[in-house]
Amino acid sequence: MQLLEKKLFLKGRLDKFTVPEKLKAFQKLPRKEIHYIDLSQIEMIDSAGVAFLESIRDALSEHDPRIINARADIKKTIKIFTSKKVINRVSMVRENLFENLGSAFLLWWKSVVDSFKLSADIVFWSIVGIFDRKGQRKGSVIVQSLLIGVDAVGIVSLLSLVLGLILALQSAAQLRQFGANIFVADLIAISMVREMGPMMTAIIVAGRSGSAIASEIATMKVTEEIDALKMMAIDPVRYVVVPKFQAITICMPLLVTVSIFVGIIGGLIVAVTYLDLSVVSYFTEIFAILTFKDVFIGLMKSVFFAWVIVIIASYYGFRVKGGSEGVGRVTTLSVVASIFWVIVLDAINSLIFYF
Amino acid sequence: MKKAIISVRNLVAKFGNTIVLDKISVDIYPREITVILGRSGCGKTTLIKNILKLYQPHSGSVKIFDEDIIGMEDQDFITILKRIGMLFQNGALLNSVSISDNIAIPLEQHTDLPRDIIDKIIRVKLELVNLDHAMNMTPSELSGGMKKRVALARAIALDPEILICDEPSAGLDPLTSSSLDELILKLKDLLKMTIVIVTHELASIHRIADRLIFLDKNRVVFTGSLEEAKASSVSEVKTFFKAGRFE
Ligand SMILES: Nc1ncnc2c1ncn2[C@@H]1O[C@H](COP(=O)(O)OP(=O)(O)O)[C@@H](O)[C@H]1O
Ligand SMILES: [Mg+2]
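So the sequence lines, in the order shown, correspond to chains A and B. Anchor point for the first sequence: position 165 equals 165 in the working numbering, and the numbering is continuous, going up by one each time. Anchor point for the second sequence: position 99 equals 99 in the working numbering, and the numbering is continuous, going up by one each time.
Just chain B, with the same shape it has in the complex (with noise of 0.2 angstroms):
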């Protein structure tokens, strides 16, 4: 049995008095590629950030990397930060600066890269998502999907060991979706990230997934390999794979 890299234990996480994950346990695993899944709404995006602390969870325990994150001071925090890479929802560019000056943003943060480097890393980071022409524009001269790749980027600035994409194929054409898979698995098989994603596309799960949970009602309903969903007996889960969607 593999040790898993992220360990979360009996998360609750509320807002204000709505419960929106009830004692939740997952586990992520080393240079695996796992698929986070459930209806809009259920908690996704929750989990991830109470994972990184963006959310402050209310009680349960969260280990990163063998370490308990919860009680963790701020500044030992942002050392594990630098090892973990997130694409967000919304790409959450920085609308005020360049394409490349968002690529060198945690760059320039996180270590002490004289400017030349810096560029190298920007410019291979933006032809992986084969953006590299659009450097020296700005994020409102992108399309949606753009954004979220030059986002990507950004996330892989400083070749996290961990990925966590929220929804990133959303919005994108079956062309790019699937090039972004490319991608995605290359970044694990070559540079042996461990890769979060939260994605619905079933055609996606199959090219990619090495381990799926579902969530729903607060709960985790089903972990495990892509076979054992397939012959899952969790109606959830089930129907997911019979609709190919949450109807």
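Next up, chain A with everything else stripped away, as it sits in the complex (with noise of 0.2 angstroms):
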């Protein structure tokens, strides 16, 4: 590369491979002195070689510098390969603040507004179906109970087992100060029923069940299974969601109520070795505090989070754009919204029932 008499020389090959270096002395160059771009030394020219002539004109665009003596076929590689459209610096509509903000909580309104669509089809599909099982796949809730409830026993024993032996041995030592050592079963079966035993199912329940449903609905959508049903004149929530949102319906209380009896077996072994109570006394304790209203408000509450469960994972399921990469994306999506809503709802249950 050679600058003599405002004429900017390119020697040799100009490739994809010999053009970094040619941008690197190029840089070096006094710009205003180039006023033509002599290409009479050319051997080979290729696409890269193309938009590295193009953006040096960019660089030097005051001046629009020509391109001079380029042999035939050069040029001809040349025309192949210049951008027809002059390159529009990319001016964006910039919207303003206003109507950014705006235009989100349209965005925002409408996906509440589907969600909601979307829970009424479901809830509505399911009442018709327990009378009226046409257009659901047969036999489907009952695999769906054993893939969501029956499943999910052995993890949600486990945790709970834990959870109970953890709540017991943190607050043991505590009321062993006090000589309260009874009161280990009122912490237990309290917090089993009102709060761990729902909450913890219904996590499990969302990161097991809710990522599969959001996940298989996504998947035959990006199939186009969802748009054959269509063609079929199935109703795809019916088919697809309503056997789930049945089968859920059934087995979260089950489950919730295995998760508060093992919870509360985790703090009886605490309560037996450590803090020396008996067996009868613990349940007898047990029996004594729990009211009627906090096991109902705890199975309703769960049934209420598997609903969430299910609505967020269809939902989701059904916004699926893309291919297999979007299935992924709107699953991850669909687990942390339920998590996050089973949180807030469980907050807001907890101020109008206990407060």
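Everything labelled a hint here was simulated from the structure, so no lab data went into it. Predicted model, so just to flag it, every value in this text is computed and none were measured. Just to be clear, a hint being listed does not mean it is correct.
Said to hold, decoys possible - Calculated pairs, DMTMM-like style, for lysine to aspartate or glutamate (alpha carbon to alpha carbon, straight line, at most 20 angstroms):
1) A:Lys-28 / B:Asp-116
2) A:Lys-75 / B:Glu-127
3) A:Lys-79 / B:Glu-227
4) A:Lys-6 / A:Asp-73
5) A:Lys-28 / B:Glu-73
6) B:Lys-186 / A:Asp-73
7) A:Lys-24 / B:Asp-112
8) A:Lys-24 / B:Glu-108
9) B:Lys-3 / B:Asp-22
10) B:Lys-192 / A:Asp-58
11) B:Lys-188 / B:Asp-216
Since each chain sits alone in its own frame, please combine them into the complex, following the hints.
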């Protein structure tokens, strides 16, 4: 590369491998003095070379240097690889703050409306589906119950046992100082029934079944199965979501019951071994402290959580965009969203019933 | 006699114990468009993938740019691959990244070009296939034909000396297909690319083919120019030109 009498002489090959060094050399040149770009000594050029020429002409746009002395074949290549569009230095239409806020709000509002519509659809068809099973996958409620419920019993029990142990252990030391050993039963019973049982089960179910539901629906959407269902006049919500919704409505309270029971057993282990309580006095205390209201609210709450999980999972599943990677994305989103909403709703519930 | 740019000798390709290509010898000449034909399943894709070492040949030799590639180190073979563009039968675009990134990948992998140059190249390559408006879309937002065209843009991202297209016009409408032919002719005439195409479209063959290679029953049954093919007495070739397809 050489600058002589306002002419920039380029030499040799101008291709994807030589362009990086030519760019570096170009940076060092006094730009103002370049009025012509002489290609007489260029042996070959490729699209990277043409892009390079465009790029230095962009850099020198003030006096727009002319390209001269190019061989015919070089000229042809330049013509093929020159963008037909005048490169419009992207001038995006900027929205102002209020427009931005407005469109963000509209988007959010639309998603709220959509999810409520979907919820209404799911609930309606689930109730109809109890009496009329047309348009649902055959035997699917049982299969789904097994998947959502039975398969989760193991992990729910294990974690609940650990949780019961931890709760009891953490409080045992304090309770012993005051000779209030027996209250470990109260503490375990109340916290497992009101909070820990429903909440933990919901989080496990959101992770296990919520993600499965979201990814199944999303995959069906991506592979055009949902469209095929529609073509066959089958309501995809009814076919795919309703069986899961019915199954989870049955399974969730059962799982929570298991969780509560096992958690109490966890507490019992600490009570007997560390706090010198008898099994009988532990259970007597538990039955004395628990009210029907506590158990009822705990179980109702869990059903509510279950619905939230299914609705959010199917909402995200149906919203999938793109191919296989979209499935992963909505699955993650749905799990995060359902755990978030479970916790928020739990807080609201506590405010309403216990404050 | 011109010297071959790709030269295959006694190539045997197997899947398990099934022989798909049985001692095939093929020559591809520079700056020509060579069309490979044959019934579906006769091993056209297999032949191409063996030439590119995407499948390991069972035996035989393959020379590209006069270099024997079979025993070549991977590192050396990469420098050969940089000079070859491939349009896969199914497009094979990466679904998780945008159209422009799909084309950027070979440029980023094989060169040290700065981003603004790469962007210019992407734009012009997409313009060549008439898809510059799709730059920021993802492959899942495109139709099958559009995907093929993007895949072609990706195949020529590095201005390869050899371009191999596996059934580029299958599934395209006739208009798009003929504009693809024009582009391919332009690549040959102006950029002096060597082009290998698998296709069955008679119209397309008439427009672009310099040389034809017919595969049948694991073997090459005919090689020659279009005129020679039309006059050929090989039954497979005759049927094809009579019916316009393999029945
Ligand atoms: N990955 C594979 N494993 C086993 N067999 C294969 C594989 N790919 C192709 N084949 C077989 O090899 C033969 C040739 O296939 P292919 O080269 O794809 O044909 P085409 O000429 O249609 O491109 C076919 O019979 C096919 O079944
Ligand atoms: Mg094939």
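List, from low to high, the hint numbers that the structure doesn't satisfy.
Violated hints: 3, 4, 5, 9, 10 and 11; rest satisfied.
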